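Could you put the whole structure together from the sequences, leaning on the hints where they help?
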Amino acid sequence: MLYLDNAATTPLRTEVLEAMLPYMKENFYNPSSVYGPARKVRSALDDARVAVANAINAKTEEIFFTSGGTESDNWAIKGTLAAFSAKNGDTPPHIITSAAEHHGVLYVCKHLERKGVEVTYLPVDGEGFVSPETLEAAIKPNTAIVSIMLANNEVGTVQPMARLAEVTRSRGVLFLTDAVQAVGHIPVDVEGLGVDMLALSAHKFGGPKGIGALYVKKGTALLPVLQGGAQERNRRAGTENVAGIVGLGAAIRLATEEIPRELPRITALRDTLTDTILKTIPHTRLNGPKSHDRLPGNVNISFRFIEGESLLLHLDMMGCCASTGSACSSGALEPSHVLMALGLDHAQANGAIRFSLGGNNTEADIPALMQILTPAVQKLRTLSPLYDDFLKTKE
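Residue numbering for the sequence shown follows our numbering, starting at 1 and increasing by one per position.
If you are wondering where the hints come from, they were derived from the structure by calculation, not from laboratory data.
All of these numbers come straight from a predicted model, not from anything done at the bench.
Be aware that a few hints might be false.
Each computed SDA-like pair below joins lysine to any residue, with the alpha-carbon atoms no more than 25 Å apart [as the list claims (entries may be wrong)]:
id, residue 1, residue 2
1, Lys40, Thr284
2, Lys78, Thr14
3, Lys87, Gly116
4, Lys40, Ser67
5, Lys394, Gln348
6, Lys209, Asp388
7, Lys279, Glu257
8, Lys140, Gly219
9, Lys394, His283
10, Lys218, Lys279
11, Lys392, His346
12, Lys217, His283
13, Lys209, Gln348
14, Lys78, Lys279
15, Lys140, His111
16, Lys379, Tyr35
17, Lys290, Pro264
18, Lys140, Ala86
19, Lys290, Ala162
20, Lys218, Ala162
21, Lys110, Thr220
22, Lys115, Pro132
23, Lys140, Ala230
24, Lys87, Lys209
25, Lys78, Asn241
26, Lys217, Lys279
27, Lys115, Pro141
28, Lys78, Leu2
29, Lys40, Phe28
30, Lys290, Met317
31, Lys78, Lys40
32, Lys290, Pro335
33, Lys279, Asp365
Pairwise CB distance ranges (calculated) [unchecked claim]:
id, residue 1, residue 2, range
34, Lys40, Met318, 44 to 50 Å
35, Ala221, Lys379, 53 to 59 Å
36, Met24, Arg261, 39 to 45 Å
37, Asn142, Ala99, 20 to 26 Å
Backbone N, C-alpha and C fix where the C-beta goes; we use that ideal spot for every residue, glycine too.
In structure tokens form, the structure reads like this:
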């Protein structure tokens, strides 16, 4: 199998599984209990917190474990609004985000909008970047939080986060960044970025699914959204997923240690794959940044005259796993909101495929992909009335 969908999820690393197994079996104790075996489990949980903190240059007391990026985003936004309302009474809160965010943020904002919260969706340019000037102009006296993702999951755009955070800091507004696609792949330093909150998820860098973390800068006003026990220093109730947390700690330690080696290697693979597709297959375009400020493993290509879903199915039948730039919703093919925000038309957005490279990929994967991709595109174009019309026009 040719796996080129690492942005969706990554394989669980063997070392991570081995670290987790004892906490699924003999070390099954509840870390909140007071007896000796449970205290050892608590120690493992604390070690994982240290690993996460070290990976992003945070303090251990600023790391809170969650079920993943979606929960972290929900907690950061909803908990901030709760704190804002507790402080400001009847003053309605205002949220700022971008039109190209992950659904973990966009759907939260849409939900809150239906409840009367004002939300501003900032535009992005043709490569997916948010302008600091546009952000500055959107901030209001009642702006409670700004949420802009560090690296885009579809087109790989890495935002000028320090500049954006400087704007919010100067106006006294909290800043959340969804860094799910970034952590473990590029250096992430919360102090350098200047953000107040940061979401991450283990399964994006060789860890298990269902576990993540939220960085909350010390002193940030954030109320809990889960009520119950006193876990996570009274801020996130529920018995901890110890095995998952241990796996998160092991995975983030390995991934960040390997960044100096893997970042240039995967970036080179990305550029080779991009150039090969664009030079080999006509009527294609790269979506997102051309080279700078792009995730190392992200290749998002639009194939003119065909639908991405059809191409994806052909690749699947040939043993290749990738992702489409559009999603099938309610029986209709809906174009990717990210690609539409970049200014693509419906045909370009619907013809997009995302190939995302990771530690499992090598140079040999590129010719292996081209061997099945090129004929698949050719076949689908022969069936396309749009391509037929194009050829007639050329004649």
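How the hints compare with the structure:
1. For the suggested pair Lys40 and Thr284, the alpha carbons sit about 55 Å apart, so the restraint of at most 25 Å is broken.
2. For the given pair, Lys78 sits about 36 Å from Thr14 by alpha-carbon distance, which is inconsistent with the 25 Å threshold.
3. For the proposed pair Lys87 and Gly116, the alpha carbon gap of about 18 Å is at most 25 Å, so the pair holds.
4. With a C-alpha separation of about 22 Å, the suggested pair Lys40 and Ser67 falls inside the 25 Å cut-off, and the hint holds.
5. Proximity of Lys394 to Gln348 is assessed by CA-CA distance (about 20 Å); at most 25 Å being required, the pair is judged to hold.
6. Our distance criterion of 25 Å between C-alpha atoms is broken by Lys209 and Asp388, whose separation comes to about 45 Å.
7. Of the supplied pair hints, the one linking Lys279 and Glu257 is violated, its CA atoms being roughly 35 Å apart against a limit of 25 Å.
8. Distance check on the hinted pair: Lys140 and Gly219 sit about 22 Å apart at the alpha-carbon level, within 25 Å; holds.
9. Taken as a hint, the Lys394 and His283 pair is honoured in the structure, with Cα atoms around 14 Å apart against an allowance of 25 Å.
10. Proposed proximity of Lys218 and Lys279 is contradicted: the alpha carbons are some 50 Å apart, above 25 Å.
11. A threshold of 25 Å between alpha carbons decides the hint, and for Lys392 with His346 the separation of about 22 Å falls inside it, so the pair holds.
12. Annotation: proposed proximity of Lys217 to His283 is violated, straight-line Cα distance about 47 Å (limit 25 Å).
13. A threshold of 25 Å between alpha carbons decides the hint, and for Lys209 with Gln348 the separation of about 32 Å lies outside it, so the pair is violated.
14. Using a Cα cut-off of 25 Å, the hinted pair Lys78 and Lys279 is violated, with the two alpha carbons roughly 46 Å apart.
15. Of the pairs offered as hints, the one joining Lys140 and His111 holds, with about 21 Å between alpha carbons and a cut-off of 25 Å not exceeded.
16. Only pairs whose Cα atoms come within 25 Å are accepted, and Lys379 paired with Tyr35 is rejected, the gap being roughly 66 Å.
17. For the given pair, Lys290 sits about 16 Å from Pro264 by alpha-carbon distance, which is consistent with the 25 Å threshold.
18. For a cut-off of 25 Å, the pair hint linking Lys140 to Ala86 stands: about 19 Å separates their Cα positions.
19. As the CA atoms of Lys290 and Ala162 are separated by approximately 21 Å, the hinted pair is consistent with the 25 Å bound.
20. Restraint check for Lys218 and Ala162: satisfied, since their Cα atoms lie roughly 18 Å apart, inside the 25 Å limit.
21. Annotation: proposed proximity of Lys110 to Thr220 holds, straight-line Cα distance about 24 Å (limit 25 Å).
22. Restraint check for Lys115 and Pro132: not satisfied, since their Cα atoms lie roughly 28 Å apart, outside the 25 Å limit.
23. With a CA separation close to 35 Å, the supplied pair Lys140 and Ala230 exceeds the 25 Å bound.
24. Under the criterion of a C-alpha separation no larger than 25 Å, the hint pairing Lys87 with Lys209 is inconsistent with the structure, at around 36 Å.
25. With a CA separation close to 23 Å, the supplied pair Lys78 and Asn241 stays within the 25 Å bound.
26. Taken as a hint, the Lys217 and Lys279 pair is broken in the structure, with Cα atoms around 46 Å apart against an allowance of 25 Å.
27. This hinted pair checks out: Lys115 and Pro141 have alpha carbons roughly 20 Å apart, not beyond 25 Å.
28. Distance check on the hinted pair: Lys78 and Leu2 sit about 40 Å apart at the alpha-carbon level, beyond 25 Å; violated.
29. Distance check on the hinted pair: Lys40 and Phe28 sit about 10 Å apart at the alpha-carbon level, within 25 Å; holds.
30. Restraint check for Lys290 and Met317: not satisfied, since their Cα atoms lie roughly 30 Å apart, outside the 25 Å limit.
31. For a cut-off of 25 Å, the pair hint linking Lys78 to Lys40 is broken: about 34 Å separates their Cα positions.
32. Between Lys290 and Pro335 the CA atoms are separated by roughly 22 Å; this keeps the pair inside 25 Å, and the hint holds.
33. Distance restraint check for Lys279 and Asp365: the Cα-Cα separation of roughly 17 Å lies within the 25 Å cut-off, and the hinted pair is therefore satisfied.
34. The beta-carbon spacing between Lys40 and Met318, approximately 49 Å, falls within the hinted interval of 44 to 50 Å.
35. The hint said 53 to 59 Å for the Cβ distance between Ala221 and Lys379, and at roughly 57 Å that hint holds.
36. With their beta carbons about 31 Å apart, Met24 and Arg261 fall outside the hinted range of 39 to 45 Å.
37. A beta carbon spacing of about 21 Å between Asn142 and Ala99 agrees with the range 20 to 26 Å that was offered as a hint.
Of the hints listed earlier, those the structure fails to meet are numbers 1, 2, 6, 7, 10, 12, 13, 14, 16, 22, 23, 24, 26, 28, 30, 31 and 36, in rising order.
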